[in-house]
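Trainee: Sequence:
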Amino acid sequence: MDPNPPRRGRGRARGGNPPPPNQIGQPRGPPPNQMGQPRGPPPNQLGQPRAPRPAQAPPRRPQPRNVPGQSGPQSVEQVTSGLENLKTGDALTPIGRGAVRGRKPIENTYYRIERPESSKSSDGKLGKGGQEIQLTSNYFPITTYTDWTLYQYRVDFNPEQDKVNIQRGLLGPHKALLGPHIFDGTMLFSSKKYKPDTLELTSKRNFDDEIVIITIKFTQTIEKGDHASIQIFNLLIRKALMNLDLSMVGRNYYDDKAKINIPKHRLQLWPGYETTISMYDSGLLLRAEISTKVMREETVLDFLRECADNRNRDPQWMVKFKMGVIGSTVLTRYNNQTYRIDDVDDTSSTKSTFKKRDGSSISYIDYYREKHKINLSNHQQPMLVSKKKKSFQIEGEECELVYLVPELCTLTGLTQRMRDNRNLMNDLAVYTRVGPTERISKYNNFINRVLTTPKSAETLSQWNLTLSNKLVTFNGRVLTQETLQGSQIKYPAGNTADWTSSLRNTAMFTCAEIKQWVVLGPQSNGGQVRLFIKSLLTVASKMKFNLPPPEIVDLDISNMRPYLTTLDRVINQMNPSFILCVINRNDHYHVIKRLLCVDRAVPSQVVLMKQIEKNNMSVCTKIAIQINCKLGGAPWRVVIPEKKMMIVGFDVCHDKQNKNKSYGALVATMNDSHTAYFSCVQPHESGQEISSYFAMSIAKALIKFRSINKELPNSIIIYRDGVGDGQLSSVHRTEVDMVKKTCKDLYGEKKIGIAFIIVKKRISTRFFCRTPQNYQNPPPGTVIDNTVTDPTMYDFYLVSQNVTQGTVTPTHYNVIVDTLNETTTTCFTPGILQKITFKLTHMYYNWTGTVRVPALCQLAHKLAFLTGQSLQSAPNPGLEDLLYFL
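Using my numbering, the letters of the sequence shown map in sequence onto residues 1 to 886.
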């Protein structure tokens, strides 16, 4: 550790001798930004500091502040005109389930939404119906834990110490005085009340003998049962994990000694663990989940050289490098820290200098040589920039920039190109796709390792924390399998929730009328295109979809400009109801979709030539279904008895090219069979997930519902995807309140029943059912609403899919608003909501099986994804009644 680690400065890295123009020897023009355009003003002219510093300890954290939420507009007109003024962050009070950070008392980081009245009784969220099934989950009961009162202290070091390990080392000589304690770098927790309330201790740093004064100041008492005590248990279990000889990467622990090398793809897999202690319906539980970190053997410098090698063929090679690096996560092996790359500063290099604590300047080359004994091989590589995350960001406060050396940064995770490589993904699946029996074995090995490692066991014993070595078991319910309806026939979804064979020879529920449609295909492969169309018409006729022969236009599909000219001419001359475009390059997809979904309003299907060549009947079936859906038809339905109900799905997707822009998509049903739809998209700024435009979209959907049905719906069920625990309060204060205000404007004094349900897919909970021989995945329709659910929430888990390889991931549903029983004739018990949710997982028409989330959520995700990845603009309103994005 440098005895005087560099402080946050206010200036850019000062170059000694500036690096050559492009670091690789090319003449320098104006430095491009990450999108290849001339670079704008220097960073802090845009409100960001210019302070570079090498990757090391995080800065001192600012004091969090509580900002009161703002009241929403009073009318739909005000919603439309004033929503952009509401700052979502003002309403955010984060929920902490992990490490405790910050200078405020710990309880200020905790927020809970009040549980809906309909579920406040002891069994208010328990559903009924279905067949009971005994389940096991990846939770270990905590059988005993401390009933002591805990005392919280703030710890300051003078001079300031950035490294937590250094701080812990300075506290080490005072163990006898401090007793058993937990220290997280800012706060110290002890069962011992120190006297006086403010202690001043002195320690000497080992590497330079500098005297450091430690001030320990009492801040508050934490009583048993406080939420803060749960967070302290999480610190405690992390402290125990530190003694398992694991490497901390990011926030999780990984076993680099058990890494799996895949030299064929230059990858390493590090097995690890994710842990969380929380209070659940059955008491305090430890959730343990196995995790795998994908480590790439190549460094960022390797990738830079790969891009530079193509500079003669690709003049935009630096832009390609930046687009490949910005947004990725890298690992610095010298300190096992992960950083998200936010920019590349090609005006700086490792020769550039920064100021150390003592005010002296040092280059990055010398810094890494002196501190880490690393000699950099390339002195002309550009610097990577990472914005240092803070637990609390005060509006207007400058964020700190960390400068990283590409040569020392190992790339992590998989690129999209890697994900598209089927061979690579199959090779990874051998190690990452873990079945139920093997996963249970890994859980047991983990808990035994925690309980039998002496230092880890001693840490738990000091705090009277006793973990059971048995996974929790309880009863769930399996809902009755659904029956699907075609035009004149009903057929079961089946125990595996797959009705592909039933659909192929069954009339679809409703079939759209199509008078004229056009196929644009390659002139050189005209015969194959016509054979494919013949198969497509045959498949459509079996499903009683009257698809007439199309007009086929042959052209050169390799050049996009004449392709688009031909499209325009076809639309102007023929006015087709539908267009099928054959392409041979994936990037042509975005151009075609922008023309047909933004500039024009023509439903379309884009098919790769390699799919045409296969002439596969399954592909033909899927395309026939999609053509029907995109024109307003519906291949099947499930029965939802409640009348005059609108069901809504909402999701957010980020723009691929502009990281600060997102699109929120809403899809709503418009009839009692829930087979007619309305959709709209709103842009979000600054990459936000919380939508201040949500009410505007709801208002549009309600007005559309009224225009079709001559009246507003009696009830609305909203499934909101893409929200984490830390955003629940903001969703409640922003989106829910605005929806209520919008409904009041449209309904007046008439009551409207609303259920607002948060849908969470990225969860670590897993469920298993036991057979005499081994463990298996639960069947589709398995509901869990007890034992491992949150006692403060109206929540449940649903396993809706059948998985034959690996372990199924359930979906977590949290009902944050439920007033359905106030206005509807049906008694909306928890069981009814669970059944409706399961029914809706059958209604995604791109798949003849169930999906993980209600179809409305999946459709909203599909629309947001199309807009963010391809259209990058709001779609043409002429398509809002059709599933053109399917």
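Be aware that a few hints might be false.
Straight line, CA to CA, 20 Å or less: simulated EDC-like cross-link-like pairs of lysine to aspartate or glutamate [said to hold, decoys possible]:
no.: 1; residue 1: LYS470; residue 2: GLU298
no.: 2; residue 1: LYS259; residue 2: ASP208
no.: 3; residue 1: LYS192; residue 2: GLU407
no.: 4; residue 1: LYS704; residue 2: ASP881
no.: 5; residue 1: LYS224; residue 2: ASP162
no.: 6; residue 1: LYS442; residue 2: GLU289
no.: 7; residue 1: LYS610; residue 2: GLU642
no.: 8; residue 1: LYS264; residue 2: ASP420
no.: 9; residue 1: LYS204; residue 2: ASP255
no.: 10; residue 1: LYS371; residue 2: ASP208
no.: 11; residue 1: LYS128; residue 2: GLU289
no.: 12; residue 1: LYS704; residue 2: ASP725
no.: 13; residue 1: LYS442; residue 2: GLU274
no.: 14; residue 1: LYS163; residue 2: ASP358
no.: 15; residue 1: LYS371; residue 2: ASP358
no.: 16; residue 1: LYS373; residue 2: ASP420
If you are wondering where the hints come from, they were derived from the structure by calculation, not from laboratory data.
Trainee: Looking at the structure, which of the earlier hints fail to hold?
Mentor: Structure breaks hints 1, 2, 3, 5, 7, 9, 11, 12, 16.
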